[in-house]
Amino acid sequence: MIKPGLVCLLGGGAAIPASGKTHEYLAQRLPPQPRVAVLETPAGFELNSDRVAGKLADFVASRLQNYSPRLEVVAARKKGTPYSPDNHDIVAPILMADEIILGPGSPTYGVRQLQDSLALKYIKARQWQGGTLLISSSASLSFGQYTMPVYEIYKVGEDLHWKRGLNYFADYGLNLSIIPHWDNNDGGAELDTSRCYVGLARFEPLLAMLPAGQTILGLDDHTSAVLDFARERVTVVGANSITILRDGTEKQYMTGEQFSLAELGAWHLPEPGQLETHVWQQAAAAWEERQAADAAPTAPAEVITLADKRQQARQDQEWAAADELRDAIARAGWHIKDTAD
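Counting from 0, one number per residue, gives the positions in the sequence shown under numbering that gives the first Met the number 0.
Please keep in mind that the hints were generated in silico from the structure rather than gathered at the bench. Mixed in with the good hints there might be a few duds.
Straight-line Cα separation of at most 25 Å, BS3-like style, residue types lysine-lysine; simulated pairs [said to hold, decoys possible]:
1) K54 - K20
2) K154 - K77
3) K162 - K77
4) K54 - K77
5) K336 - K308
6) K20 - K250
7) K162 - K78
8) K54 - K78
Since we're looking at a predicted model, the values are computed, not measured.
Modelling step: build the complete structure from the supplied sequences, incorporating the hints.
The structure is reproduced here in structure tokens:
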């Protein structure tokens, strides 16, 4: 049964304190000690992609320290390599995550590496089964129906054009493309860097190139739109506002405001058959395993210390000491079962 988790679209700066409100908002809706998977994929072309994702993971761990999150960086960097997003051993942590995060990098690279990948299938399965998905900055561009090739236009000087995105929201019936850094002003008075650095003078003709029926969701820096499919609403969280361009109209919603999901277009829940049965079943089985592991009692630190000392005593053939330690563990309410080893 499909019970989608939240999808949070963040306008940029996921590892900057100004975006802390978004991380806090999501953490409040996660279980205790949540598992969080941070993917390297958007920046997988960088020689230090592990640190790009690692810095984001470090920030989340620090910002949410009161929630004791368990973070793991997923080294899904490039297809056809040992760190491929098609390598199950690499991307398996996605299936165990309460929250999945994708952040800065290259929008077009992210599309190339995630399109039809096992990683993307796992992301869909986990989010459709209740996991939270946070996509920020370049990743939000990648997940739209159309992706604006920012660097190719802004840095290389290619002619204005769009590329096909991952179209993640097509399964929800939405024709949605996302533009982060909507209000960016890094260029100051000399250069318009709004609309994700391309500037309004470039963005307006780009907008005219899109087919009819397309919805554009513009996200200000450090501001997010949190899509809640269960409650059929979107909540604006963070510093400023979000903007919706649809059917020739423009609407703006400020932080703290909520609006109907229908503002993004007519939508519906995904159909189970839109994802391969074996992927769906694999995700469900992994989650059951995760829940069982979390439910298993964990020995307190002092008991683990006693068990380690007893193991050392047994290795040293100090049987009397080992027996005393076993009795101490029993008094603490735990039982040790010795193996043949």
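Checked hints:
The straight-line distance between the Cα atoms of K54 and K20 is roughly 18 Å, inside the 25 Å bound, and the hint therefore holds. At roughly 23 Å between alpha-carbon atoms, K154 and K77 fall within 25 Å of each other, so this suggested pair holds. At roughly 19 Å between alpha-carbon atoms, K162 and K77 fall within 25 Å of each other, so this suggested pair holds. Taken as a hint, the K54 and K77 pair is honoured in the structure, with Cα atoms around 20 Å apart against an allowance of 25 Å.
Only pairs whose Cα atoms come within 25 Å are accepted, and K336 paired with K308 is accepted, the gap being roughly 15 Å. For the hint pairing K20 with K250, the CA-to-CA distance comes to about 23 Å; that is within 25 Å, so the pair holds. With a C-alpha separation of about 19 Å, the suggested pair K162 and K78 falls inside the 25 Å cut-off, and the hint holds. Annotation: proposed proximity of K54 to K78 holds, straight-line Cα distance about 23 Å (limit 25 Å).
Every hint from the earlier list agrees with this structure, and none is contradicted.
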